[in-house]
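Based on the sequences and whatever the hints tell you, model everything.
For the sequence shown, full-length UniProt numbering gives the first residue as 1, with consecutive numbering after it.
Honestly, the hints are just simulated from the structure, not real lab data. Quick reminder that beta carbons are idealized off the backbone N, C-alpha and C, glycines included. Be aware that a few hints might be false.
To be verified - The list that follows gives simulated cross-link-like pairs (lysine to aspartate or glutamate, EDC-like), each with its CA atoms no further than 20 Å apart: (1) Lys-175 <-> Glu-249; (2) Lys-36 <-> Asp-24; (3) Lys-36 <-> Glu-54; (4) Lys-260 <-> Glu-240; (5) Lys-236 <-> Glu-261; (6) Lys-260 <-> Glu-110; (7) Lys-153 <-> Glu-261; (8) Lys-181 <-> Asp-196; (9) Lys-236 <-> Asp-56; (10) Lys-92 <-> Asp-196; (11) Lys-236 <-> Glu-183; (12) Lys-236 <-> Asp-79; (13) Lys-36 <-> Asp-59; (14) Lys-92 <-> Glu-110; (15) Lys-97 <-> Glu-110; (16) Lys-92 <-> Asp-105; (17) Lys-175 <-> Asp-196; (18) Lys-181 <-> Asp-79; (19) Lys-260 <-> Glu-249; (20) Lys-77 <-> Glu-183; (21) Lys-175 <-> Asp-105; (22) Lys-92 <-> Glu-54; (23) Lys-92 <-> Asp-79; (24) Lys-36 <-> Asp-79; (25) Lys-77 <-> Glu-110; (26) Lys-181 <-> Glu-248; (27) Lys-97 <-> Asp-79; (28) Lys-64 <-> Glu-101; (29) Lys-181 <-> Glu-249.
Claimed, not checked - Label-pair ranges, simulated between beta-carbon atoms: (30) Ala-179 <-> Gly-38: 17 to 23 Å; (31) Ala-152 <-> Gln-232: 27 to 33 Å; (32) Glu-240 <-> Ala-152: 28 to 34 Å; (33) Glu-249 <-> Ser-25: 29 to 35 Å; (34) Glu-101 <-> Ala-178: 32 to 38 Å.
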Amino acid sequence: MSSYVITGAARGIGLEFVSQLSVDSSNSIFALVRSKSGATALQNLQRQNITVLEADITDVEALKVAANIVSEATGGKLDYLINNAAIHDHSKTTLDKFPTEDALDQDLLENFRVNTLGTIHTTNTFLPLLRAGTTKKAITISTGGADPDFNAKTGSAGQVGYMISKAALNMAVAKFAAALKREGFVFLSISPGLVDTATTERTAQESAEYKAFTQALAKIASPNFSGPLTPQESVKMMLEVIYRWTVEETGAFVSHYGNKEWL
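Structure below.
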């Protein structure tokens, strides 16, 4: 039996982690969401081993309340923390094209506040429970777009706040790993690959843009790339990497393949 805390569990990749991990009824799944009322798909799973907790990762006090609930249920222990919660927009605005300096500052600071600081605070909050456990694995969902080489190769110049905040988060993971390796902790940043998480049907224009986007990526992708993954495929692949990752490799930033092939 293993215990898992999964943030950003209301939809997409976070929801899929909950879905796959809760199939094993011996697992205890604690799904963190910003709002229970907006987590319809999560509630519809209706599995007895899922506990839905309301906590925004930027609200440290709410995180502490959630950690106390987890602690009471598990005897003060936690096996896996999966930091999935993040904000993400697909803005094509580049660093030199923001309408004002304030707009640039707001974009960068808000992404950093949620994606970087929020995840750091979440990790610190659940660290005592992980320390009391035996697995001691803290996993952070990152993105291949946080790799400078990938950006240079693809010419990706947009989504600046998201990508920069995730690059900073990768360094935070490395810092956690350096500090806690001697205690047997495994910290890992992992990219899920290109995942199609759309929950509504795209318009004709959106479909055309998405097709053009994936075709452009295919030209520079590895031979393994055959198009966007489903959340089911991505999570299955990531779990395989997560389970095999060891303390000797702690602090790494890898893809769903367990290497630097981001697509």
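How the hints compare with the structure:
no.	hint	result
1	Lys-175 <-> Glu-249	holds, 13 Å
2	Lys-36 <-> Asp-24	violated, 23 Å
3	Lys-36 <-> Glu-54	holds, 6 Å
4	Lys-260 <-> Glu-240	holds, 16 Å
5	Lys-236 <-> Glu-261	holds, 17 Å
6	Lys-260 <-> Glu-110	violated, 28 Å
7	Lys-153 <-> Glu-261	holds, 13 Å
8	Lys-181 <-> Asp-196	violated, 34 Å
9	Lys-236 <-> Asp-56	violated, 26 Å
10	Lys-92 <-> Asp-196	holds, 18 Å
11	Lys-236 <-> Glu-183	violated, 28 Å
12	Lys-236 <-> Asp-79	holds, 18 Å
13	Lys-36 <-> Asp-59	holds, 16 Å
14	Lys-92 <-> Glu-110	holds, 17 Å
15	Lys-97 <-> Glu-110	holds, 18 Å
16	Lys-92 <-> Asp-105	holds, 16 Å
17	Lys-175 <-> Asp-196	violated, 31 Å
18	Lys-181 <-> Asp-79	holds, 16 Å
19	Lys-260 <-> Glu-249	holds, 14 Å
20	Lys-77 <-> Glu-183	holds, 15 Å
21	Lys-175 <-> Asp-105	violated, 25 Å
22	Lys-92 <-> Glu-54	violated, 32 Å
23	Lys-92 <-> Asp-79	violated, 39 Å
24	Lys-36 <-> Asp-79	violated, 24 Å
25	Lys-77 <-> Glu-110	violated, 32 Å
26	Lys-181 <-> Glu-248	holds, 8 Å
27	Lys-97 <-> Asp-79	violated, 44 Å
28	Lys-64 <-> Glu-101	violated, 35 Å
29	Lys-181 <-> Glu-249	holds, 10 Å
30	Ala-179 <-> Gly-38: 17 to 23 Å	violated, 35 Å
31	Ala-152 <-> Gln-232: 27 to 33 Å	holds, 31 Å
32	Glu-240 <-> Ala-152: 28 to 34 Å	holds, 29 Å
33	Glu-249 <-> Ser-25: 29 to 35 Å	holds, 30 Å
34	Glu-101 <-> Ala-178: 32 to 38 Å	holds, 35 Å
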